[in-house]
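The sequence shown begins at 871 in this note's numbering and counts up by one.
It should be emphasised that the hints constitute simulated quantities derived from the structure, not laboratory data. Built from N, CA and C at the ideal position, the CB exists for glycine as well. Any given hint could be a false lead.
Said to hold, decoys possible - For each label pair, taking beta carbons as the anchor points, the in silico distance ranges come out as:
hint	residue 1	residue 2	range
1	THR879	ARG1141	29 to 35 Å
2	LYS873	VAL919	50 to 56 Å
3	GLY1083	ARG1171	40 to 46 Å
4	THR1172	ASP1120	54 to 60 Å
5	THR1239	THR1172	29 to 35 Å
6	GLY1083	GLY1232	48 to 54 Å
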Amino acid sequence: MNKVITKLTKAGFQAVVGLEVHVQLNTVSKIFSSDPNTSNALPNENISVISLGHPGTLPVLNKEVVEKAILMGLACDCEITKVNHFARKSYFYPDLPKGYQTTQDKTPICVGGQVMLFGEGFQQPSVELHHIHMEEDAGKSIHDEGDSTLIDLNRAGSPLIEIVTEPSIKGPDEAAAFLQEVRRIVRFLGISEANMEKGELRCDANISVMPIGANELGNKVEVKNMNSFSNVRKAIVHELGRQLKMAQADQFIDIETRTFDPNSGTTASMRFKETMNDYRYFPCPDLPPLIIEEIYLEGLRTKIATTPRQFRHVFQSEYQLSDYDVALLTEEKETALYFQSLCELVSNKKAAANWLNGAVKGLLNDMNTTIDQLNVSVERMAELIVLVEEGRLNNSVATHTVLPAMLGNDSSALHIAESQNLLSVDNTEELEGLVNEVLLSLPKEVEAFKQGKKKLMGLFMGQVMKKSQGKADAKQVQVILNKKLSQ
């Protein structure tokens, strides 16, 4: 349990956290116009009279946005709203040319639902959702150009879904785990890349404390400017600690918006929180109601591929893998699919997991690429693993020589091993000869081993493997060494 939660509990208080998560959808065009929805354009390149809010322009809803919003709702067990309306949310920022944001208010497209948390030690198994709604993004204000503020409207009108949780998250660890699972889900669904560093996944946290057992929530503070999972956790930890001190001192906690400074790990006041009336919501007169028919929903249900939770269930229950292995294998959809296919060809599922989470993951990190871009098919990887499992190829040789060689061509693991004379030596007479050579060259160590220094077995094994250039069958060497050293 997080230390701040322990401190709160001892003081007779509990944390109440709700998250508002914005996910930028990876559609071709923006939500209400045909402007390109890309992040690699020059400033103010992906704009039009609609993005700029010129008088007389009319929005047209992007069907792809609706589809991807519904897919997220179905994956989270939400109820899908059949009759949807859009609204105008008024506020005046330089990066919002129209003076209002087109969003959903009374009829969010997805209602209810939950996201299951993955991991151990959490205070709750899942986080309940209040709703998910569609809306357009604002532009971007850039403040790091001297004394001036520059406005880039490329992002204005980009499609977002906002995932709003119930105020039921019990602590910072649970909040971070929820965000991580949301990122996995949207990536598995293929509706967003959800890169926090690019602003494709953004989070605001509503944080308050209340006496344990109380019926009324405390005054909430909204914290913004958190661009990583660790920063979300740190901001909540700090804010809960700050509010606890104020509550214990009978100080009034203002309902306000605060910003998080990742360098100091503290929050600072930005402005007093706006109320719903401040936004002056009213129905958007330019967009007709959106009607979702059941036949359309049925078609989308067939498009939902396996979710991270479903993959984890299979990997844990059928393959008997640890939480650690499963976490790594289901972090990215491509890895999960690759591993699932690999397990159809390899009987030792744990060995397959060790390869993907070890040697293969190391290669991917070094090459800064993903497994679907690695030039090693599932069939070739399976053959390599089987060679090692059958004792025909030393694990070290397979990892450091054969696997890297497979990247540069389409040759099989067996062909590479044979052409480079790398297959394991399993001739008993030859192995006995190597063992005898090593033991004769280390008489003092042999005597010390017989006197009880059993750790020297590693030395003998290493020397035999070195003499064989890594080709000796380690299991046979172990047997022969035990036999020789017991004489």
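Hint check:
1. THR879 to ARG1141: 29 to 35 Å: 32 Å, holds
2. LYS873 to VAL919: 50 to 56 Å: Between LYS873 and VAL919, where Cβ atoms are some 54 Å apart, the hint holds.
3. GLY1083 to ARG1171: 40 to 46 Å: 41 Å, holds
4. THR1172 to ASP1120: 54 to 60 Å: 57 Å, holds
5. THR1239 to THR1172: 29 to 35 Å: 31 Å, holds
6. GLY1083 to GLY1232: 48 to 54 Å: 50 Å, holds
Violated hints are absent here; each numbered hint is respected by the structure.
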